[in-house]
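Q: With chain P held as given, fit chain C onto it using these hints.
Number of protein chains: 2
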Amino acid sequence: MESLPKVLTIAGSDSGGGAGIQADLKTIAALGCYGTSAVTAITAQNTLGVFAVEGISTGMVAHQIQLVLDDIGTDAIKTGMLFSQDTINVVVETLEKHFGPADRGGREKANLVVDPVCVSTSGHSLLPLDAVDALRKRCLPWATVVTPNIPEAEFLAGWERGSIQSVRDMERCAAELGELGVRYVYLKGGHMPFENAKGRKVVVDLLWDSETRTASQEERPFLDVKNTHGTGCTLAAAIAAELAKGRPVPQAVVTAADYVAAAIAASYPVGAGAGPVNHFHSLVQRSLPLPTPHSTTPFTDYLIGYNRAAWERYVHHPFPNGLADGTMPLDSFLHFIQQDYHFLKQYGRSNSLAAYKTDNMELMAASIEIVNDVIKETEMHVKYCEKYGISRQQLQAVPESTTNIAYTRYVLDTSMQGDLLDARVVTAPCLIGYGHVGARLLAATEGVETDETKNPYWGWIKEYGSDWYQGAVRKGIQLLEDTLVASPVSPARLLELAKIFEKATLLEIAFWDAAILAHGADQTAQRLDMPQ
Amino acid sequence: MESLPKVLTIAGSDSGGGAGIQADLKTIAALGCYGTSAVTAITAQNTLGVFAVEGISTGMVAHQIQLVLDDIGTDAIKTGMLFSQDTINVVVETLEKHFGPADRGGREKANLVVDPVCVSTSGHSLLPLDAVDALRKRCLPWATVVTPNIPEAEFLAGWERGSIQSVRDMERCAAELGELGVRYVYLKGGHMPFENAKGRKVVVDLLWDSETRTASQEERPFLDVKNTHGTGCTLAAAIAAELAKGRPVPQAVVTAADYVAAAIAASYPVGAGAGPVNHFHSLVQRSLPLPTPHSTTPFTDYLIGYNRAAWERYVHHPFPNGLADGTMPLDSFLHFIQQDYHFLKQYGRSNSLAAYKTDNMELMAASIEIVNDVIKETEMHVKYCEKYGISRQQLQAVPESTTNIAYTRYVLDTSMQGDLLDARVVTAPCLIGYGHVGARLLAATEGVETDETKNPYWGWIKEYGSDWYQGAVRKGIQLLEDTLVASPVSPARLLELAKIFEKATLLEIAFWDAAILAHGADQTAQRLDMPQ
Numbered sequence: 001m002e003s004l005p006k007v008l009t010i011a012g013s014d015s016g017g018g019a020g021i022q023a024d025l026k027t028i029a030a031l032g033c034y035g036t037s038a039v040t041a042i043t044a045q046n047t048l049g050v051f052a053v054e055g056i057s058t059g060m061v062a063h064q065i066q067l068v069l070d071d072i073g074t075d076a077i078k079t080g081m082l083f084s085q086d087t088i089n090v091v092v093e094t095l096e097k098h099f100g101p102a103d104r105g106g107r108e109k110a111n112l113v114v115d116p117v118c119v120s121t122s123g124h125s126l127l128p129l130d131a132v133d134a135l136r137k138r139c140l141p142w143a144t145v146v147t148p149n150i151p152e153a154e155f156l157a158g159w160e161r162g163s164i165q166s167v168r169d170m171e172r173c174a175a176e177l178g179e180l181g182v183r184y185v186y187l188k189g190g191h192m193p194f195e196n197a198k199g200r201k202v203v204v205d206l207l208w209d210s211e212t213r214t215a216s217q218e219e220r221p222f223l224d225v226k227n228t229h230g231t232g233c234t235l236a237a238a239i240a241a242e243l244a245k246g247r248p249v250p251q252a253v254v255t256a257a258d259y260v261a262a263a264i265a266a267s268y269p270v271g272a273g274a275g276p277v278n279h280f281h282s283l284v285q286r287s288l289p290l291p292t293p294h295s296t297t298p299f300t301d302y303l304i305g306y307n308r309a310a311w312e313r314y315v316h317h318p319f320p321n322g323l324a325d326g327t328m329p330l331d332s333f334l335h336f337i338q339q340d341y342h343f344l345k346q347y348g349r350s351n352s353l354a355a356y357k358t359d360n361m362e363l364m365a366a367s368i369e370i371v372n373d374v375i376k377e378t379e380m381h382v383k384y385c386e387k388y389g390i391s392r393q394q395l396q397a398v399p400e401s402t403t404n405i406a407y408t409r410y411v412l413d414t415s416m417q418g419d420l421l422d423a424r425v426v427t428a429p430c431l432i433g434y435g436h437v438g439a440r441l442l443a444a445t446e447g448v449e450t451d452e453t454k455n456p457y458w459g460w461i462k463e464y465g466s467d468w469y470q471g472a473v474r475k476g477i478q479l480l481e482d483t484l485v486a487s488p489v490s491p492a493r494l495l496e497l498a499k500i501f502e503k504a505t506l507l508e509i510a511f512w513d514a515a516i517l518a519h520g521a522d523q524t525a526q527r528l529d530m531p532q
Numbered sequence: 001m002e003s004l005p006k007v008l009t010i011a012g013s014d015s016g017g018g019a020g021i022q023a024d025l026k027t028i029a030a031l032g033c034y035g036t037s038a039v040t041a042i043t044a045q046n047t048l049g050v051f052a053v054e055g056i057s058t059g060m061v062a063h064q065i066q067l068v069l070d071d072i073g074t075d076a077i078k079t080g081m082l083f084s085q086d087t088i089n090v091v092v093e094t095l096e097k098h099f100g101p102a103d104r105g106g107r108e109k110a111n112l113v114v115d116p117v118c119v120s121t122s123g124h125s126l127l128p129l130d131a132v133d134a135l136r137k138r139c140l141p142w143a144t145v146v147t148p149n150i151p152e153a154e155f156l157a158g159w160e161r162g163s164i165q166s167v168r169d170m171e172r173c174a175a176e177l178g179e180l181g182v183r184y185v186y187l188k189g190g191h192m193p194f195e196n197a198k199g200r201k202v203v204v205d206l207l208w209d210s211e212t213r214t215a216s217q218e219e220r221p222f223l224d225v226k227n228t229h230g231t232g233c234t235l236a237a238a239i240a241a242e243l244a245k246g247r248p249v250p251q252a253v254v255t256a257a258d259y260v261a262a263a264i265a266a267s268y269p270v271g272a273g274a275g276p277v278n279h280f281h282s283l284v285q286r287s288l289p290l291p292t293p294h295s296t297t298p299f300t301d302y303l304i305g306y307n308r309a310a311w312e313r314y315v316h317h318p319f320p321n322g323l324a325d326g327t328m329p330l331d332s333f334l335h336f337i338q339q340d341y342h343f344l345k346q347y348g349r350s351n352s353l354a355a356y357k358t359d360n361m362e363l364m365a366a367s368i369e370i371v372n373d374v375i376k377e378t379e380m381h382v383k384y385c386e387k388y389g390i391s392r393q394q395l396q397a398v399p400e401s402t403t404n405i406a407y408t409r410y411v412l413d414t415s416m417q418g419d420l421l422d423a424r425v426v427t428a429p430c431l432i433g434y435g436h437v438g439a440r441l442l443a444a445t446e447g448v449e450t451d452e453t454k455n456p457y458w459g460w461i462k463e464y465g466s467d468w469y470q471g472a473v474r475k476g477i478q479l480l481e482d483t484l485v486a487s488p489v490s491p492a493r494l495l496e497l498a499k500i501f502e503k504a505t506l507l508e509i510a511f512w513d514a515a516i517l518a519h520g521a522d523q524t525a526q527r528l529d530m531p532q
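If you read the protein sequences in the order shown, they are chains P and C. Heads up: the first sequence at position 529 corresponds to 529 in UniProt numbering, and the numbers run straight through without jumps. Heads up: the second sequence at position 400 corresponds to 400 in UniProt numbering, and the numbers run straight through without jumps.
Don't take each hint at face value.
One copy or two, it doesn't matter: identical chains are merged, so the pair holds either way.
To be verified - Keeping only pairs whose Cα atoms sit at most 30 Å apart, straight-line, the calculated DSBU-like set for lysine-lysine is: (1) Lys475 x Lys198; (2) Lys201 x Lys345; (3) Lys137 x Lys345; (4) Lys245 x Lys499; (5) Lys462 x Lys198; (6) Lys109 x Lys462; (7) Lys462 x Lys201; (8) Lys137 x Lys475; (9) Lys109 x Lys387; (10) Lys97 x Lys201.
Please keep in mind that the hints were generated in silico from the structure rather than gathered at the bench.
Here chain P stands alone, though its shape is the one from the complex (with noise of 0.2 Å):
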């Protein structure tokens, strides 16, 4: 597998898991990234508030930059929570050791994102006052982008609390922060809602290019919701994140914005105060694990897994060991070899169906090489009918027992129903079922007979054992996991599936069941089989 881009965040541990490294590791996880820490502090923390912080040693924190840095590498940094003016300093001091001087291409390097956190959302102050010129000198120089909020950027630039009153403003603090060596100020104004021309609720976030001296912003809805704990850090992770998989900052403030939004939207109830936003509302549960060298197709061993007693059932049904053995009555064989040739007829329409449910070349040649494979199978049919006095023309007018049209009229009617998946899924029972009974009794040393001249039936367990069939077979569990891995379903969707894939091995049973019945009958009834 190839690996993912690399972020590592330099932060404060919230235990409550909403904010600090916590919220940061699992955006970028959520995001798609492998992530790395640097632990500044611990906080006893929860919804209500931020209760204690111990600080960790300016070498420990510088160690952690270094080995992750020297080992693992990474593709952006997100500073949050820095503690003290000591811990900015040996940051930024470990940074240079690695990327060289900010100003000669080591900020371009490090793809830093600082996330200012002066105070939390519930009001504990997070940096001394001392450390905040630290930030100023000489983190934000080292920033490809800083994300104030309107508090953070008034303090940052040393203006007055509530100085920023329009988006003018906003931009004009911005600017002044430009100043400070950082590339991109992204002003978050969701402590200024207003109104908008339509009268809604707006808030806009501005975008300071410092280089290019232009701003530009985004309106959004504003959001007056109680689980934002941690929007902050995960914010500036998500931006992080962007960065690290090669994403210019325009375009990367955006979608992190969105996956706040969503984040936000998505929350569930967590604790009694501000609860975190949900970091993985763009994530699904996989209904299966992927394929993998110790279990190589887990979708066929789902469907049979989940149909073990049925299947078990029709892989060791007596009919085929009574052909194994030789002891099978020649009339239900006859019986089963007559419907089996106009089962193949129905079963090779579904499977052109399934080629007609594609537009993809290599899958249609797939669908196609199957019905090239039941054409051959029926030839086999033809020769045994042939044997015992039957000719190709009293085959083709054997009329389709009752089983044989439940079950054939429902492989076409599932592919008819449903997409490519449902068609292979129907088909499968048939193609798998008939390769585990031919390979189980070509190796079985008990219960077969295998002198043609004493067991007239062994050329069939031959047929199905044989290279050419157990090559079909893997070919066509192959194209069913190969499916579901480019495409995977819901869990809803998979019970489904395995519902089809019951129903079918099922029928499979049906289908011999009626051959054994068949013995004694009167093959010119009309009605060739006991109702099912």
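A: Same frame as chain P, now just chain C:
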């Protein structure tokens, strides 16, 4: 949204992201739970080893646990690296304070999985010797499950290193650990691979139930792989997540072991040493975000957005504009209304086919309701034709134009080839587009002639702007959205659907183009429109 089961991990932090609370939180999230954490120690490590460890004060460890338990609560707990004897004592005391004594129901409430981390995979000692006794005597009585590997089990039981040589030895050792008060001992056999009867290299994992004094064991293929960093943490966290979901222990350990095996198999390169497992192998990225209060129809928005240019051409087409202001030549209108009548017949068939494609009565009813609406709509066409002297019989006899055949047969074939979703998407541009056009023109103040004595077509506009038609559009959109939420599709499939939507949109444009082109043409000729 409903809340998720919650899991608290009490463990060390791994800067490399592959073990410790990082691995735990990733695992907990991947298995569908909400994770919280209490950090006991910070390690500076990467895939090559653990290079430094710094403990967190015991007061802070206790504080983190308390704040999580008091506000957020938990459905299961996992402990990993506990750092020191003092930390172990404070963890146990904090649990006792919250849950009551272990032997009076506290153990059952805590649902604790203890990963007895003593030594890292890379050989670094992670627990001082004096702490092992605290782990044994104070921690194990609190545990529902303890998950030692073979060296850890020997160490905890006070056996000499290398004493376990057989599965029988594993069982004896597990039984001894069970005497310490833990309910289940899950002894991992990864350190003792052997060849089974079939000649395959396997390991045995053993689960000892100290209450019933019985063992169950599971044979697994031995995985001789490099990326096993953090597997111990991951397994214990996965067991805790399964317990949090309410699974019984024997089921939880099997699910967790399967999860870890798949995570190892799906690992990707990270760092130069033993890389982490792929915790998110079981998740796939949603190709579209879920609907939110601010983005209620993401699927429809995507389909239209992907085809923005074509869509705009369609819903601002000169043909309906010419009906709105009454300037459309009558022969164009009559060409349109007659062809649209025949279009609606096939459109009705397509929606009937959609009904055939489901077994769900509600979805069937929804499709049939559309067919009913279509029938109602055709009666409007009949009336318009009668007004201009074209009888119902004459209307029936009008030959379908090539544009009409192209569009309707494309719709039918797409519905036939694919599943219910294809059927819905290919019929959507007609339903939604006419809705947009009707709503836009009914609300317009310019470019419309609403006086029906002056504009014979105004009735047509009113029909598509009416409440009943707009209601039908809303229902159709909701049906589209619900289908995708219930069965998320892969990005490749989503793109396929966007292309179907695009083709149908272009065919809508062609349909109106043809009406305009029909002006002045010989309406009795066989080919009624220009080839498109």
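Q: Hint by hint, note whether the structure agrees.
A: The hints, checked one at a time:
In the homo-oligomer, the alpha carbons of Lys475 and Lys198 lie at most 30 Å apart only across protomers (26 Å), although the nearest pairing inside one protomer, at 59 Å, exceeds that limit. In this assembly of identical chains, the alpha carbons of Lys201 and Lys345 never lie at most 30 Å apart, being 65 Å within a copy and 45 Å across copies at closest. In this assembly of identical chains, Lys137 and Lys345 lie within 30 Å of each other by CA distance neither inside one copy nor across copies; the values are 79 Å within and 71 Å between. For a Cα distance limit of 30 Å, the shortest separation of Lys245 from Lys499 across copies, 26 Å, qualifies, whereas the shortest one inside one copy, 41 Å, does not.
For the homomeric pair Lys462 and Lys198, the shortest alpha-carbon distance between copies (25 Å) is at most 30 Å, but the shortest distance inside one copy (77 Å) is not. Taking identical chains as interchangeable, the C-alpha atoms of Lys109 and Lys462 are never at most 30 Å apart, the minima being 65 Å within one chain and 60 Å between chains. Taking identical chains as interchangeable, the C-alpha atoms of Lys462 and Lys201 are never at most 30 Å apart, the minima being 76 Å within one chain and 32 Å between chains. In this homomeric assembly, Lys137 and Lys475 never come within 30 Å of each other (Cα to Cα): the closest approach is 64 Å inside a single copy and 57 Å across copies.
Taking the shortest Cα distances, Lys109 and Lys387 never come within 30 Å of each other, neither inside one copy (79 Å) nor across copies (74 Å). Taking CA atoms no more than 30 Å apart as the test, Lys97 paired with Lys201 passes in neither setting, with 47 Å inside one copy and 47 Å between copies.
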